[in-house]
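Protein chains in written order, with the numbering used here: chain A, 1 to 257; chain B, 1 to 324; chain C, 1 to 281.
The set of hints was computed from the structure by calculation and includes no laboratory data. On a predicted model such as this, the values are computed, not experimentally measured, just so you know. Mixed in with the good hints there might be a few duds.
As the list claims (entries may be wrong) - Part of the chain B face toward chain C, derived, beta carbon under 8 Å:
(1) D37
(2) T40
(3) L43
(4) I44
(5) E47
(6) A104
(7) P107
(8) T161
(9) P163
(10) A165
(11) E168
(12) S181
(13) E213
(14) P296
(15) L298
Unchecked claim - Not the full set, but computed from the structure, chain B residues with beta-carbon under 10 Å of chain A:
(16) L189
(17) G203
(18) I211
(19) V221
To be verified - What follows is a set of in silico ranges between Cβ atoms, one per label pair, in the way DEER data are often shown:
(20) L140(B) to W117(A): 38 to 44 Å
(21) K321(B) to R239(A): 49 to 55 Å
(22) T7(A) to V317(B): 54 to 60 Å
(23) R320(B) to G143(A): 26 to 32 Å
C-beta atoms are modelled at their ideal positions from N, C-alpha and C, and glycine is treated no differently.
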Amino acid sequence: MSTLAATAIGVSLGGRRVLDRVDLAVASGEVIGLLGPNGAGKSTLLRVLASVLKSHSGELRLDGQPVHRIPRMELAKRIAYLPQGAECHWPMAVEQVVALGRLAHRQSWKPMSQHDWDCVAAAMATTDVEQFRGRSIGALSMGERARVLVARAVAGEPRILLADEPVAGLDPAHQLEVMAMLERMAAEGAAVVVVLHDLTLAVRHCSRLALLGAGRLVASGDADTVLSTEHLRDCFGIRALSGESADGRFVIPVARI
Amino acid sequence: MLALLALLSGCLFVASLFVGRSAAPLLDLFMGGDVHDPHTLWLIFNEIRLPRALLATVVGATLGLAGAALQGYLRNPLAEPGLVGASSAAAFGAVLMLYTGASAWFPMALPLGGIAGAIVGLALVTLLAGGGSGALTLILAGVAVNTFAAALTSLALNLATSPYAALEIVFWLLGSLADRSFEHLRVALPFMVVGWLLLLRLGRALDALTIGEEAASSLGVHLPRLRLSLLLGVGLSVGAAVAVSGAIGFIGLVVPHLLRPLVGHRPGALLPASALGGAALTLAADIGVRLLSPGPELKLGVLTALIGSPFFLYLLVSMRKTTQ
Amino acid sequence: MLRMLTLAGFLLAGLLGTASAAPPQRIVSINICGDLLALSLAPRARIASVTFLAADALMSPIAKAADGVPLNYGKAEEVLAFEPDLVLAGRYTTRATVALLERLGYPVIELDIAESLDDVRAQIRVAAAAMGVVAAGEGMIATLDARIEAVAAEQHESRPLAAVYGPNGFTPGPRTLSGSLIELAGFENLAARAGIRYWGHLPLESLLLARPDVLIVEAEEDLASALASQILAHPALLDLRDRITVVAVPRPLWSCPGPWIVDALDKLAAARTAAHQRSRP
Chain A
1 MSTLAATAIG VSLGGRRVLD RVDLAVASGE VIGLLGPNGA GKSTLLRVLA
51 SVLKSHSGEL RLDGQPVHRI PRMELAKRIA YLPQGAECHW PMAVEQVVAL
101 GRLAHRQSWK PMSQHDWDCV AAAMATTDVE QFRGRSIGAL SMGERARVLV
151 ARAVAGEPRI LLADEPVAGL DPAHQLEVMA MLERMAAEGA AVVVVLHDLT
201 LAVRHCSRLA LLGAGRLVAS GDADTVLSTE HLRDCFGIRA LSGESADGRF
251 VIPVARI
Chain B
1 MLALLALLSG CLFVASLFVG RSAAPLLDLF MGGDVHDPHT LWLIFNEIRL
51 PRALLATVVG ATLGLAGAAL QGYLRNPLAE PGLVGASSAA AFGAVLMLYT
101 GASAWFPMAL PLGGIAGAIV GLALVTLLAG GGSGALTLIL AGVAVNTFAA
151 ALTSLALNLA TSPYAALEIV FWLLGSLADR SFEHLRVALP FMVVGWLLLL
201 RLGRALDALT IGEEAASSLG VHLPRLRLSL LLGVGLSVGA AVAVSGAIGF
251 IGLVVPHLLR PLVGHRPGAL LPASALGGAA LTLAADIGVR LLSPGPELKL
301 GVLTALIGSP FFLYLLVSMR KTTQ
Chain C
1 MLRMLTLAGF LLAGLLGTAS AAPPQRIVSI NICGDLLALS LAPRARIASV
51 TFLAADALMS PIAKAADGVP LNYGKAEEVL AFEPDLVLAG RYTTRATVAL
101 LERLGYPVIE LDIAESLDDV RAQIRVAAAA MGVVAAGEGM IATLDARIEA
151 VAAEQHESRP LAAVYGPNGF TPGPRTLSGS LIELAGFENL AARAGIRYWG
201 HLPLESLLLA RPDVLIVEAE EDLASALASQ ILAHPALLDL RDRITVVAVP
251 RPLWSCPGPW IVDALDKLAA ARTAAHQRSR P
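Bound-form chain A, shown alone:
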């Protein structure tokens, strides 16, 4: 059972207050969808959760322990952070990129063990990039590259996965596949926080939603609470069509207000 709890997080960047007393907690089995308009502070919050950015106020606890008391490598083993943008600077072989996810588990000089490679293979299978084994990541399309990087995040067998727009740029089939993978991971005991722009994906695959607006936590809870007409209007400035279909709920933005 893993929990990551952020309390009263405040962050100022360049003189501007980007996050203001935000609370967010995630536990094993949950997939939390972090929503909000551009510039609301979603990525910043995710960075704070990943301990990549230090907050100026507030507290972050992993499994009850304050994060600054936990050694760096230990944090790296338990938390995986997938930033936006699918950046991969050198045209390495795909499986080598995925293998980077095992870095926290390996000791300095030791080469990859069989177990490490097994995890890599499993991760590549879940994001459907096994077919690219041996190819240079530079030769792949953006969407394919994004999937490889998702595999990297997953290869470390993290207990907590923080993903910033992991499905941006993926085709619909792979979008659904990645979201399904996140749900599966949660079912197997991981805690997941995922930043999304697609509201339908959010309502369908997340167990809980959190809405950020101008650095504040506007709402948190189930789809009805968070994606109410008022919130859609006040936070996103849109009107949306919500409903149920045979395959699940949908929320489709239809007009700007």
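Assemble the complex: chain A is given as a structure, and chains B and C must be docked to it using the hints.
Quick look at chains B and C alone, frame taken from chain A:
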């Protein structure tokens, strides 16, 4: 791959021992043939050829390793060991010894001055770049120190009291390993080894940087510590190298570039490969200066620059081909 | 500093002289001034090698004298191969090479740059003592001194103004051999007026304002007039061109101690006479 490079370096090392201007019949000596003056030949071999070959190896390894580390950290294939200011600061330190005449009194003053210069330069860069982890501030601080050190070196040249003094400085700056002794090796090696140890440990961190600074940080890389290790590692090792050999360029730029595709573009694997590759290339160049010039010996720095420039041309041409 | 060095040189040369019963038999010089002194003072048979510069007419006033002598390029390996018992080096010979030779136990004499005629005499004495040809050294000095006295004896009331103007305005001041010879020949050196002590840069303005009587160009005779025209081609120096005397003193003549500096002195003295006559209407 590494084994191949090690073998290449080894062969070049041995070749370097037998190449020289005096056409000393060293081979005869080793084959047990009849030689006129074995004592002098052994002297040449042990006190001239051997330290020279060893220095070429360690200087080359340093330049290759430092170049690969910087290129990995900055994620830029154009980075080269001089960026962090240590080489020009070392050059100025040595030139200062030439200028003040300290090197006339005490021969090891020259490399020691170079190392002192490198350390001062490093301290300055660390101060200017501040804490934190930004690559940009590091580069800017390096540029600042480079410019300043170069200006001071030019000043020394400008104020030289005679054309001979000026020429002495100029020739030293061109870069050479001729007539270096074990003393030079003894002075420089400790700093180089410390630098190597600092840099070789950075393999994992550099690999992690491939997917971005934030992802690397989440994988457990301590970015400020990485930057400091890089700075110290490059500064100490390259500073010591320049202190004994003068300015030898292009090795740190060309070697990682050439070897990168051969190690699957992995920055971590590139480190030891570039060290060996750098050693091999420098040994080859040093053999070249002895074979190529019938007159006064070509300076090593000049030869590496002559090799390096067409390399850039080739890069340009191949880049154009791929974009077309 | 220089005094100390020459003293040290003397001591070393003295020690060498007393330590070995016979004078050095295999002298190797890796410095142009050492080359010239060796070729001028020591018996040919005892010279094992001189630098390639000694045989180059552009650098050496006695290039022919180096015919047949094995040449070296200043590298320690080459030196070792000649099995020297004396190495003549210069103050600015590559430090690493000199250090290596000393480390390996070879006797090395370092000749400094001569800044005055006293230095010239001292250098000749040091080199002669080291090579075991003291008498020849004294003889060379005596010849030099005789000629120098003769030139110094020709007194004229005024001292014309002379300037050496090299590439980039490079000019020797009083604390150089060239500067000393210029003063000895009866000139006032413009560099001294400009505050230059060793070697320095003479701005064109200074040349213009001072209006020197003699322009000294460091080149061979035939090249000198062409170079002088280039220097004086500046519009600001137009009127100087007609009334200035140009004299060519090839660099090798006044770079190293030796009898050839007398040739430089002669040229300068002749130029002084010419300038003097010119100034008289």
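Structure-based check of each hint:
no. : hint                           : verdict
1   : D37                            : 7 Å, holds
2   : T40                            : 5 Å, holds
3   : L43                            : 6 Å, holds
4   : I44                            : 5 Å, holds
5   : E47                            : 6 Å, holds
6   : A104                           : 6 Å, holds
7   : P107                           : 3 Å, holds
8   : T161                           : 4 Å, holds
9   : P163                           : 6 Å, holds
10  : A165                           : 7 Å, holds
11  : E168                           : 5 Å, holds
12  : S181                           : 5 Å, holds
13  : E213                           : 44 Å, violated
14  : P296                           : 5 Å, holds
15  : L298                           : 11 Å, violated
16  : L189                           : 23 Å, violated
17  : G203                           : 9 Å, holds
18  : I211                           : 6 Å, holds
19  : V221                           : 8 Å, holds
20  : L140(B) to W117(A): 38 to 44 Å : 41 Å, holds
21  : K321(B) to R239(A): 49 to 55 Å : 53 Å, holds
22  : T7(A) to V317(B): 54 to 60 Å   : 59 Å, holds
23  : R320(B) to G143(A): 26 to 32 Å : 29 Å, holds
Hints 13, 15, 16, counting from the list given before, are not met by this structure.
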